[in-house]
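> Could you put together the complete structure from these sequences and hints?
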Amino acid sequence: MGRYSSNSGGSPKRLRLLVASPVRSAGGRRRHRRRRGGLTMRTPSLRVTGFGLLAALLAAALAPLAAENDEPSYAAATRGTRWLETRPGGLAIKVLVERANLGGDEVELGEITFPPNSRIGDHPHGSVEMFYVLEGRLEHVVNGRSHVLEKGMVGIVRPGDRVQHNAGPEGCKALVVWAPGGEVARLAPGFRIRPVGDHD
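Each residue of the sequence shown is one higher than the one before, starting from 1 at the first, in the working numbering.
You may find that some hints are simply not true.
List of simulated lysine to aspartate or glutamate pairs, DMTMM-like, C-alpha gap at most 25 angstroms [to be verified]:
#1 151 with 111
#2 173 with 161
#3 94 with 200
#4 173 with 106
#5 151 with 105
#6 151 with 161
#7 173 with 139
#8 151 with 170
#9 94 with 170
#10 173 with 135
#11 151 with 135
#12 94 with 150
Now the in silico label distances, taken between C-beta atoms and shown as ranges [claimed, not checked]:
#13 153 with 122: 19 to 27 angstroms
#14 175 with 119: 19 to 27 angstroms
#15 148 with 73: 37 to 45 angstroms
#16 103 with 132: 29 to 37 angstroms
Hints in this document: simulated from the structure, not taken from any laboratory.
Glycine included, each C-beta is placed from N, C-alpha and C at the ideal position.
See the structure below:
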């Protein structure tokens, strides 16, 4: 069995592992000799190095984690997580992807419905916000500059910019992406929340 010994009369600064390894003498009897050096232990049939020992210990420690991660920590198919609504028939966001079903905060995705002639006043976001218009038209005002988004167009707002959203008489439906996530939790306190149903 190995033990630690110091080089200089008990000084703990430099320690070397003394390893006893069996060696056969000329008469066939085993005798032990001590070897100084790194973390190398020799036995008649096994050689274990410090690196190999470390790898074995890490593999043993990580095995339970690997078993836990066999199942995905996200929902591979979902109808969404919840609705955020101001009032019946008002502004509504169907949250499609967030931490609850993604398993992380990399991105959030929602389907937002602006009622006809609705206005959302000047506000910032902590994440990049991107709109993809599915139906209707949306005036997208970024830092005081107006852009009209029609079906198939994309509007972008970077963190810290000021934005307003104004829907026309036909209203607007759009996909909204926030990256990274966190905007849903920030917005939720201002909305009524209800679960997503089978027919939503």
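> Now look at each hint and say whether the structure bears it out.
Taking the hints in turn, this is what the structure says about them:
In summary, the hint linking residue 151 to residue 111 is supported, as the alpha carbons are separated by about 14 angstroms, within the 25 angstroms threshold. For the suggested pair residue 173 and residue 161, the alpha carbons sit about 22 angstroms apart, so the restraint of at most 25 angstroms is met. The suggested pairing of residue 94 with residue 200 holds, with an alpha-carbon distance near 9 angstroms, which does not exceed 25 angstroms. A threshold of 25 angstroms between alpha carbons decides the hint, and for residue 173 with residue 106 the separation of about 24 angstroms falls inside it, so the pair holds.
A C-alpha spacing of about 28 angstroms is found between residue 151 and residue 105, which places the hinted pair above 25 angstroms, so the restraint is violated. The hinted pair formed by residue 151 and residue 161 meets the criterion: a straight-line CA distance of about 23 angstroms does not exceed 25 angstroms. As the CA atoms of residue 173 and residue 139 are separated by approximately 12 angstroms, the hinted pair is consistent with the 25 angstroms bound. For the proposed pair residue 151 and residue 170, the alpha carbon gap of about 12 angstroms is at most 25 angstroms, so the pair holds.
With a C-alpha separation of about 19 angstroms, the suggested pair residue 94 and residue 170 falls inside the 25 angstroms cut-off, and the hint holds. Using a Cα cut-off of 25 angstroms, the hinted pair residue 173 and residue 135 holds, with the two alpha carbons roughly 5 angstroms apart. Our distance criterion of 25 angstroms between C-alpha atoms is met by residue 151 and residue 135, whose separation comes to about 5 angstroms. With a CA separation close to 20 angstroms, the supplied pair residue 94 and residue 150 stays within the 25 angstroms bound.
Range check, residue 153 to residue 122: about 21 angstroms between beta-carbon atoms, so the 19 to 27 angstroms window is met. A C-beta distance of roughly 20 angstroms is found between residue 175 and residue 119, which places it inside the suggested range of 19 to 27 angstroms. With their beta carbons about 41 angstroms apart, residue 148 and residue 73 fall inside the hinted range of 37 to 45 angstroms. A hinted range of 29 to 37 angstroms for the beta carbons of residue 103 and residue 132 is inconsistent with their spacing of about 24 angstroms.
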